[in-house]
Amino acid sequence: MSQEQRLTRRDVLKLAGLGGAVAAVLSGCGPTAKYVRRQPYYDMPEYARPGASVYFATTCRECPAGCGLVVRTVEGRAIKIEGNPNHPVNKGATCARGQAALETLYNPDRAKGPTRQGKPITWDEAITALADLLQNTPPESMAFLLGLAPDHLAELVYEITQALGAPPPLRVGALAFMEARNTLAGAAERVFGTKALPTFDIADADLVLSFGANFMETWLSPVYYGKAYGAMRRGRPGRRGILVHFEPRMSMTAANADLWLPIKPGTEGLVAQALGYLVAEAMGREPGEGLFQVDPAQIAQQAEVSLEKLEKVARYIANEAEKVVAIPGGVALGQSNGFAIAQAVLSLNALFQELGKETGVFFTPPVNGEAPLAPATLADIQDLIGRMQAGKVKVLFVHGVNPVYEFPPSWGFAEALKKVGTVVSFASFVDETAAQAHLHLPDHTFLESWGYQRVQVGADRETLSAFQPVVVPVFDTKATADVLLAAVQQVGGALAEAVPYKNEVEFIQKKVAALRERTDGIYAHPHPQVFWNLFLQHGGWWTEQSQKELARGSVLNVQVGEADFDQGDLYLVVFPHPILAEGASANNPWLQETPDPTTTVMWNTWVEVHPETAARLGLQNDDVVEIASPYGAIQAVVYVYPGIRPDTLAVPMGQGHTALGRWARGRGANPLALLGPEANGASDPAFARVRVRVRRLGTRRQLARKENVVGVYGDGRYEPVEAKAESGMKE
Amino acid sequence: MQATSSQVRKAVITVVVLSVLGVLLVAAVGLYRSQQTPPQPLPFNHQVHVQKVGLSCLYCHSNANKGQSAGMPTTQRCIACHQQIEPTTEGERILRQYAENEESIPWVPVAIMPDFVYFSHQVHVNANISCEQCHGEVGQSTIAPSLTKKQNMGWCLACHQNQPQERVARLTSCEACHK
Amino acid sequence: MQETTLPAELHERVEELREEHLLLDPRPREEMNRMVLEAMEDVNREYIIVMTILGLVTAVTLFGAWGYLMSKGLGLAGIRRPIYWGLFIVSFVFWIGISHAGTFVSAILRVFKAEFRRPFTRAAELMTTFALAGAGLYPLIHLGRTWRFYWMIPYPNQRWLWPNFRSPLVWDFLAINTYLLGSTMYLFLPLIPDLAMARDKSKGWRKVLYTILSFGWRGTEEEWRHLQKAIQIFAWAIIPVMFSVHTIVSWDFAVAMKLGWHSTIFGPYFIVGAILSGISAVGFILYMIRISVKNMRYFIRPEHFDALGKLLLIISMGWAYFFFNEFLLEWYGGEHTVQEILRYYTTGDMAPVWWTMVICNILIPWLVLWNKNWRRKPWVMALMGIIVNIGMYAERYVIVVGALSRNRIPFDWGWYKPSLVEISIALGTFTLFFFLYGLASRLIPLIPVWEVEEGHHAHGLKRIGKGVVKTVAELE
Amino acid sequence: MAEMDPQHTKWVMVIDLDRCNGCGACVTACAMENNVAFTGEEENAYGRGMHWLRIVRYWVGEWPNVQVRFMPMLCQQCSNAPCEPVCPVFATMHSEAQELNIQVYNRCIGTRYCANNCPYIARTFNWFDYEWPEPLNFHLNPDVTVRRRGIMEKCTFCIQRIRAAEEEARMEGRPVRDGEVQPACAQACPTEAIVFGNWQDPNSKVRELAESQRGFRFLEELGTEPKVIYLSSQKHEF
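Chains A, B, C and D supply the protein sequences, listed in that same order. Position in the first sequence (first residue = 1) + 7 = the numbering used here. Position in the second sequence (first residue = 1) + 160 = the numbering used here. Position in the third sequence (first residue = 1) + 259 = the numbering used here. Position in the fourth sequence (first residue = 1) + 2 = the numbering used here.
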């Protein structure tokens, strides 16, 4: 934007002509046009005053965790996102991704309005088209793909599908299966008898054993775990919780661990059992009584960890720790035997209970017992893809997920999509899927929309987290729920009777009506409107008192066995980018600009290579390499990474978009292209079983790092200042 | 000798004269430009509202004692009275137009605060400083006023430095005004 | 003066002494005037062409690039976090250094009555002025908002604000202006008699110009006495100014708490460096004048180069002393980051530059300048001028960029590569310098004729027994 | 204004490195609150990121016992700041009232001397005019100046928030409460590693934390008297 254009938008110009212009050029500070020009209202709402902030409570939808937000708005514009201090999940904190959500809202690359075959249409046309689809498509040949948020939409769509007799919506998402939600829930059912996502209560733990769970970055409910972690470390005077982490690479969680053991991929379960054995032994239990029947020494050797360290940990647990928590997650559950691993690790908690230790596994009680729709299993997805392939799917509705990008290509979704008669996308951006959709009816971003999210992890009480619009829609978008309901009414007849809601808000109000009877909430009011206002004002509904009760489990002596892997030289760890996660918000410039914690890389995809391996393969920092698996190949830039096993490579997700917008398109690579279609025993993808070959391409590309390469690797003569300070402290 | 010295004198004189003229010209243009009043969406007459009707400034610029910016009147604020008044002038007709289209009136503010300056009307109004003290006799003007006083840093200081220390900031520290 | 009848063997000796020493080879005032005027008025085609090229190149590489830089922002330069100062400051220090030549040669040598200075004092003083003009640009160029530079000037303003007199940059600003003013005056005073001479002998616009400049100088005893006094006063006064300027420039770095800069020895170190580069630059300029300007072979002779060579050798040793001193102490101190910085200089990425500095400033001068025959070869001295100045530029580069690229937080070390814009501006100041010098060479007498003549009067040959010796009459 | 404050404030920040997990929420929060420009991949690769707050990451030890240390690094608001004396135009100066290092953007002429003299490399420079393409500029904070090219900038301890709180307190005729002012980073921090408060308030949280054995000021030996106090992390060794 040239000086002139910028200046013509300044009121000053109108005022002082030349003088103004000169002043603008010379005053070093921002032209007011960089802010939005202040316009007098037509009729100012009584709460709004010029220059005064108005705060709205809502919920974050950047990931499904459902953190409560308070958004600061000034004169109708969202200025800053802050955490909702009263919210049970995040207690006032936010993650980087939540912070940058404003750039999702005000992103210049958002879909500007409804389109058919890429050509703009009016919303009336759009709704008619939609009604037509609902009416004239045989129900069984419809399919709905929904994201893990928001829940209210999922439930509405569920009702619609029920009324139509169509197959229920599938809730999918790369993050969902990288978190192996079904595996966790399944294992929890076996060990604790509850089929739900367990929450691990590390806040007052003395020792946390994390088996690959990257719970500080993106896993399930990062902000909750962040809070809990902080409390565990220094929340209790005199007691400092210890974190021991088992993972092939040094994730951000591993980076914060007191002890990080880079174990061989696939041996997590065995190590868990070995540890259990050692602890029990250290506490004077005879082998054979309800213990894992394993040989620690042999396992330690197999997992390539020092037995001595394991024993030390075991002894610490036995003698020092009162409360011990073992968390399975991340890459551990992505192993071919991930389900067994999950059970083994959860059983470890049960074992500790048995040994008289405290453990911390609890389940967030569903609001009024209504559990949200569980995410689809790999089997469901593959079945759908099969039907699409076979042309059995005439209409596919996609909302809240970007399958073309988020499903590994080896699943064949992209091809299958071409066989679908009509693809309807509700994405707010023109993402990879929307780009191929016949009908694109963009939804609002969450800061413009109504709704609620059922908190599944992190809250110690029933929590229904509310969305409300904090600003008027920026573009000509329409709430998907409203669009569907409008279409339903246009179809009319039985369908309209079965789905009798005028609009989204009415639907939500009906759903929350039941809560009006509840007296144990943070507020209660019989009158619907008042209750609704309270609901929005507080950013949702949750109970006054904590309902946390630690689950008791039974030790399962599962046969973990060996994990099997594909052909290839090196193990591959594909992990959600600590900042970008699965990459749905990759077009938020400040999210791209926020350095990754351990590598400090911005704006690109890197591949972590151990120095020895790099030396062996003749790789240097910033070399571009091709990583090939049996299923595909990607190109990434080498980052020589001291914190990874020499036999392992690691690549973050989140980049490699071919659409979405100017800041995401054509940037980096999407490692999902390397993954295969196998499942992990609980019908979540076994994304860790793939092995790869690397090839140097001879080209180089400088990674944007916050760090300085020389300074950090230098010649090792530099001890970190902080460590210096410590040693000073010890004296 | 004679010849040269006279040549010299000529040269020098012409240079001086020309430069003086140039300076004067620039100054004149600048002065003229700075006195222009900006085109307003409608010819608003402060005098009528203040002198005849006797409105206080706060009636329309209602935020002056509540927050940083005084604020421009909303269309509703205007129409509230004007719907009882038969539109006679051009301005009133335009106002009706805005009201019917439910549009806000894009007033062009004349007293612009540079965006690197932090200033709160609230503080000053509550310290019983009359609007005229800074904005001049806007109430007298029949057309949209131009900024009569030059509001620059020295102008702020000139007033503040003479205030009793315990009551009013002396603005000796930059962050008092600059954000 | 000389006797008419001289024994043959003595005659040869006299001849060679004359050949050798300008001051023993007097020519009538009139002739010298004519030679100098010829030199001034000889505006031939080559000259025009060269000057046009220089002018155009300067306009583009210096002012063009600068305008571009201002319009887009300093990002066009290669500087980055944490190396916030780059080629601009390097060039700034470099030119300030060059500017020390004139004052040193004419003021100090004048004060110490070094006779060989006489013919080229003005050439040196011109260097001072033009180098300062070049150097003065950089503090403006390197500003993020050049158009606000005047905030550094103390003047009453509506903001009720003064500059921060604690800041070395303000000291700089004042010191440089003082020096510029002083040295220009000092250049101008000895010029007056020559300008008057030119006035009387030229016509047309030149006459007008010289009339204005020569303030109606008539050359009376009175005037001469005043002039002599004035020059003496300035000669004494300008010396402390000269020292202060480069000391203050060195303080820009020395007062900072930046390791590698924070050194108490920087003041003298910089001054010696400045004189080193200045003197060597004089050698180069004299060579240029000698070959390019008419009649100059008479005025500028091997003896002058020889003298410069000796001076250069001594100063190079002085510089080496300070350099060694500075390096040794920092190294011996053993401070962690300083160690890292020195390592970076000697074996790190900065090594090529650092070693260039050592070789050009110490090794080569010491090897070459011992030899009288080489010293006496003008082209050798010209070469030395270039080499030493390369070395000194490297020195400033090492100090400014090198120190900045290593700091106390290894996480934030940096590397720096000059951008095209930066380089073009840096080169632009060189062309600017030569352009101005070229102009001056045709506008004002490059040789202070009266000073030379004075020398002639002061020197003669006297016969003692069988030998002939030079004599110096105490005119001054 | 500030001088009207009955009680003289001294804002300090405590960063508990044992809580900090390096997640980077503070970095983004800071940028969103303070209109910090993003500069893109190429510029960042050349070390021209505008982050006011960065998380310094160190590798300690050798494989397989390699460890990571995180250290959020920002302007330490030194009481005895090296950046202040060197600025020729008082663009960076000391606020007696709040004891902060103020950066007056509209006074800055861009000599960048302050940045050279800052041992914490806490300052960033506007190399160009950076853009927020419409409608991205909608979220720019009106309380914070948008900086133009050629200007130095740095962490301000979110002075706009401090000022707002102080004004409110004055209106209500009371001192600023502990925890009432929170800079964006402290507010976002999931692990509560960053705590902000008034040192003068004897029973403020920061005061309590700063008394910890683990407390140290970074590069204290330089005599800059930083107002950011770090609490070192002491990992358990197995």
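I should point out that these hints are in silico values taken from the structure, not numbers from a laboratory. Treat the hints with care, as some may be off.
Simulated crosslink set (DSS-like; lysine-lysine; CA at most 30 angstroms straight-line) [claimed, not checked]:
no.	chain 1	residue 1	chain 2	residue 2
1	B	Lys170	C	Lys460
2	A	Lys319	D	Lys237
3	A	Lys98	D	Lys207
4	D	Lys12	A	Lys401
5	A	Lys98	D	Lys12
6	D	Lys237	A	Lys316
7	C	Lys462	B	Lys170
So, going through the hints one by one against the coordinates:
no.	hint	verdict
1	B:Lys170 x C:Lys460	23 angstroms, holds
2	A:Lys319 x D:Lys237	15 angstroms, holds
3	A:Lys98 x D:Lys207	18 angstroms, holds
4	D:Lys12 x A:Lys401	67 angstroms, violated
5	A:Lys98 x D:Lys12	27 angstroms, holds
6	D:Lys237 x A:Lys316	15 angstroms, holds
7	C:Lys462 x B:Lys170	18 angstroms, holds
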